[in-house]
Amino acid sequence: MMSKLALSDDILLRVEKPARYIGGEVNAVIKNKAEVDVRIAFCFPDVYEIGMSHLGLQILYDMFNRMEGVWCERVYSPWVDLDAIMRKENIPLFALESQDKILDFDFLAVTLQYEMCYTNILQILDLSHIPLLAKERGEDMPIVIGGGPCTYNPEPIADFFDLFYIGEGETRYGELIALYRQCKQEGAGRKEFLKRAVGIPGIYVPAFYEVSYGEDGTIASFRPAFEGIPATIRKEAEMELSHAPYPLKPIVPFMRATQDRVVLEIMRGCMRGCRFCQAGQIYRPVRERDVDTLKSYALEALKNTGQEEISLSSLSSSDYTKLPELLDFLIEDCSQRHVNISLPSLRIDAFSLDVMSKVQDVKKTSLTFAPEAGSQRLRNVINKGLTEEDILHGSALAFQGGWRRVKLYFMLGLPTETNEDIVKIAELADQIAATFYATVPKEERKGGRVQIVVSTSFFVPKPFTPFQWAPQCTKEEFLEKAYTVRNAIKEQLNQKNIKYNWHEADVSVLEGVLARGDRRISQVLLKVYQKGAFYDAWSEYFNNEKWMEAFAECGIDPGFYTSRERDTEEILPWDFIDCGVTKAFLKKEWERAQREEVTPNCRKECQGCGAARFGGGICYEAHHEDSD
Amino acid sequence: MALPVSAAASVTKRIMKIRIKFRKYGNLKFIGHLDVQRYFQKAVRRAGIDAAYSTGFSPHQIMSFAAPLGLGLESNGEYMDMEVNSFLGSEETAARLNACGVDGIEVLSVRVLPPDARNAMASVAAAAYTVRFREGREPDFNWKEHLKECEDLLPGIYELKLLLPENALYMLLETGSAGNLKPAAVMEAYLAAHGETLQENALLITREETYLNMGTQENRQLAPLDAIGKLSGPIQAKDGESVHD
Numbered sequence: 001m002m003s004k005l006a007l008s009d010d011i012l013l014r015v016e017k018p019a020r021y022i023g024g025e026v027n028a029v030i031k032n033k034a035e036v037d038v039r040i041a042f043c044f045p046d047v048y049e050i051g052m053s054h055l056g057l058q059i060l061y062d063m064f065n066r067m068e069g070v071w072c073e074r075v076y077s078p079w080v081d082l083d084a085i086m087r088k089e090n091i092p093l094f095a096l097e098s099q100d101k102i103l104d105f106d107f108l109a110v111t112l113q114y115e116m117c118y119t120n121i122l123q124i125l126d127l128s129h130i131p132l133l134a135k136e137r138g139e140d141m142p143i144v145i146g147g148g149p150c151t152y153n154p155e156p157i158a159d160f161f162d163l164f165y166i167g168e169g170e171t172r173y174g175e176l177i178a179l180y181r182q183c184k185q186e187g188a189g190r191k192e193f194l195k196r197a198v199g200i201p202g203i204y205v206p207a208f209y210e211v212s213y214g215e216d217g218t219i220a221s222f223r224p225a226f227e228g229i230p231a232t233i234r235k236e237a238e239m240e241l242s243h244a245p246y247p248l249k250p251i252v253p254f255m256r257a258t259q260d261r262v263v264l265e266i267m268r269g270c271m272r273g274c275r276f277c278q279a280g281q282i283y284r285p286v287r288e289r290d291v292d293t294l295k296s297y298a299l300e301a302l303k304n305t306g307q308e309e310i311s312l313s314s315l316s317s318s319d320y321t322k323l324p325e326l327l328d329f330l331i332e333d334c335s336q337r338h339v340n341i342s343l344p345s346l347r348i349d350a351f352s353l354d355v356m357s358k359v360q361d362v363k364k365t366s367l368t369f370a371p372e373a374g375s376q377r378l379r380n381v382i383n384k385g386l387t388e389e390d391i392l393h394g395s396a397l398a399f400q401g402g403w404r405r406v407k408l409y410f411m412l413g414l415p416t417e418t419n420e421d422i423v424k425i426a427e428l429a430d431q432i433a434a435t436f437y438a439t440v441p442k443e444e445r446k447g448g449r450v451q452i453v454v455s456t457s458f459f460v461p462k463p464f465t466p467f468q469w470a471p472q473c474t475k476e477e478f479l480e481k482a483y484t485v486r487n488a489i490k491e492q493l494n495q496k497n498i499k500y501n502w503h504e505a506d507v508s509v510l511e512g513v514l515a516r517g518d519r520r521i522s523q524v525l526l527k528v529y530q531k532g533a534f535y536d537a538w539s540e541y542f543n544n545e546k547w548m549e550a551f552a553e554c555g556i557d558p559g560f561y562t563s564r565e566r567d568t569e570e571i572l573p574w575d576f577i578d579c580g581v582t583k584a585f586l587k588k589e590w591e592r593a594q595r596e597e598v599t600p601n602c603r604k605e606c607q608g609c610g611a612a613r614f615g616g617g618i619c620y621e622a623h624h625e626d627s628d
Numbered sequence: 629m630a631l632p633v634s635a636a637a638s639v640t641k642r643i644m645k646i647r648i649k650f651r652k653y654g655n656l657k658f659i660g661h662l663d664v665q666r667y668f669q670k671a672v673r674r675a676g677i678d679a680a681y682s683t684g685f686s687p688h689q690i691m692s693f694a695a696p697l698g699l700g701l702e703s704n705g706e707y708m709d710m711e712v713n714s715f716l717g718s719e720e721t722a723a724r725l726n727a728c729g730v731d732g733i734e735v736l737s738v739r740v741l742p743p744d745a746r747n748a749m750a751s752v753a754a755a756a757y758t759v760r761f762r763e764g765r766e767p768d769f770n771w772k773e774h775l776k777e778c779e780d781l782l783p784g785i786y787e788l789k790l791l792l793p794e795n796a797l798y799m800l801l802e803t804g805s806a807g808n809l810k811p812a813a814v815m816e817a818y819l820a821a822h823g824e825t826l827q828e829n830a831l832l833i834t835r836e837e838t839y840l841n842m843g844t845q846e847n848r849q850l851a852p853l854d855a856i857g858k859l860s861g862p863i864q865a866k867d868g869e870s871v872h873d
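Going down the list, the protein sequences come from chains A and B.
For the first sequence, the residue numbers in this note's numbering are 1 to 628.
For the second sequence, the residue numbers in this note's numbering are 629 to 873.
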């Protein structure tokens, strides 16, 4: 059955890539509306080819559509060309499957993967003709839900959402939908539904909480506005990961998506505990999927999609205990089916190089290291357990194996960073180049000279990390650091083999405000959106001036949220969320960081972070002294 | 752990060429030529067709598409070639591709080509279209009256006639690498000759058929692109010898 398109031929032929808006892809779910009583528009607030690449969306789309009477459809941000047409012609935003307008839905569920998409949420609401502020929405409006990693500090966008679902989506949506049906049947209104929804673990309704601020601008109190509302919200975690629903028939886009492949999530969580990394904390405890289940998923999903490529997804795939078995299977089976295997970033060692040489053309691919900091001292501060020896030894092995390109990722502006640490970035790159000349004899260098690409991003402190109290650098400081790297590289012996890229500093500063902001940031978002800002995650549309104007007009100093060092006693905007990892643990880690002390990984030694209370995962495995 | 086996397999197996005719319609007129290629690469895998692959680290199916169809056009006569190691039969191949397919692309027939057949893209000599004006976007002059003069307007117009009662134009136009004339270009020239310009998106165009030339440049003998192929039952993979009679 082909849906009648929401947009006319004229419009579709006028916009770039009309395939973004027509739906109808292989494995897209069409249901009979007569048999559906709950309709969900699942939104990734960015352009189609980015949103279609997101595994979480495919997981939840599949989960919802397995539920009887529930039809989950997709909606993405219209690209700027269509956005302008829809505004001019007053065309309401629609979902791809039915092409029905979002206003017809029961829920608009928005996944929040990065802060710079926040203005696109407003675009989605606006084009849907849903009031931007939750308090202005009428009874018949869809309930607007936020989920995903950014909800671990939902406060900057609190005004725009009716409720947030904190944690992993597999666990509580069934209950939430059952409650919604019950309320509908009883004729209980929107507010009553929200009131009852907070009884479900993981559900946060921002309108039911009151915040007051002290004279210094910090939060004086944060509490439920009336009785019966929980004071803290515990994140949800799926503890039966191997038995949780998984999309075996993921949607196959017509146009090329950024991730044009089958993705297998092998594991959730990370045992490493890098102190800058939010994902490493909020997805605790580490849980692996059963390897036999994964093998059958791989075959099934490849068969159902016809994809030419499969890739593994996790925060640190080298730590998946059955990785050799899984890769053996994939290499054996996939090569017979002419399926490419795209490997996630693995720790570079003899095993991973062997695997990579089997599935990639070493001459065309590059090797990736993420030391994150240039010096061992600073790597100890951030608890990144990668040593210079690991990097140089791994590079030597790789050069012997035929690789010629090495990519290095670093962060600038990490806590305690000195000039010396920064210069070490250049020196490390130089040492890798020197390793090439020392490892590969002259007559074997014909395959092109060694190329080392150094990329730096600017460090943005995130909630629920040991660095959540750390001051963030200003734009000027960031740029100064980038110039230091650039100049230091120029002084290296092998500078001709080294290329240097750095990120824009404006966006990092803004990301810092949105990451650690409080409720007062909602008005800035509203203001900057009204000034025409959206697609801020796209450098060609990001306009820093508009943002600075919006801050000024709201009387808000962005520095309050970024460059200020927070006291560990301060009430943080996200303190009401319990992510499993305790504040006491984060504080201990913050102190250890300042003492340059490394903390062993979860598999080696439990640090008592608090995630054990979820009752499963790595917390209940035996510890291994030998693993690292 | 094995290396990709395709390298070993493709040298010993005798490869067959098949030509697939399909229709592209409805909402899928908004997906581009590259998207159609990607669609078939994946559909062939879903359908379990024994495709032949190139060797190397990124093995890909060996496919050739006839004439790219512009965005917004529908077609009843699209073609693609692919190479297979074994053949499920014309009917079964079409049925499987349609069963795992989407609304908007329908496989109409599958034929086995002679081993020396030129690929689909190189074979294209002409294409037939029906062209209609969208409502309210017709030119001001009586365009049906003056059609005769059209034939000499541009080189590459092989035939042009009015279809009644649907008020559509039938056009047979030179297509392919030697010369490629598009229906919109014909209409633009026709309107221009009458001092008018074609309105934006004024035409609804369906490609009806794609042709190869079995005659010579001077004495054209156009036939549908799959006229040189044969419907066939299943054919087993064979080693080293030709599978085509």
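Because the hints were derived from the structure by calculation, they are not lab data.
C-beta atoms are modelled at their ideal positions from N, C-alpha and C, and glycine is treated no differently.
Warning: the hint list may mix true and false statements.
Said to hold, decoys possible - Pairs of lysine-lysine, DSS-like flavour, derived with a Cα cap of 30 Å:
| id | chain 1 | residue 1 | chain 2 | residue 2 |
| --- | --- | --- | --- | --- |
| 1 | A | K475 | A | K442 |
| 2 | B | K670 | A | K4 |
| 3 | A | K303 | B | K772 |
What the hints assert, rightly or not - Beyond 10 Å from chain B on every Cβ pair, some chain A residues (computed):
| id | residue |
| --- | --- |
| 4 | I50 |
| 5 | G228 |
| 6 | G402 |
Structure-based check of each hint:
1. A:K475 x A:K442: Outside the cut-off at roughly 44 Å; violated.
2. B:K670 x A:K4: Satisfied, since the Cα-Cα distance of roughly 25 Å is no more than 30 Å.
3. A:K303 x B:K772: Judged against 30 Å, a Cα distance of about 52 Å means the pair is violated.
4. I50: Correct as stated: the minimum Cβ-Cβ distance to chain B is 17 Å, above 10 Å.
5. G228: Given a closest Cβ separation of 49 Å, the condition holds.
6. G402: Label holds. Min Cβ-Cβ 13 Å, cutoff 10 Å.
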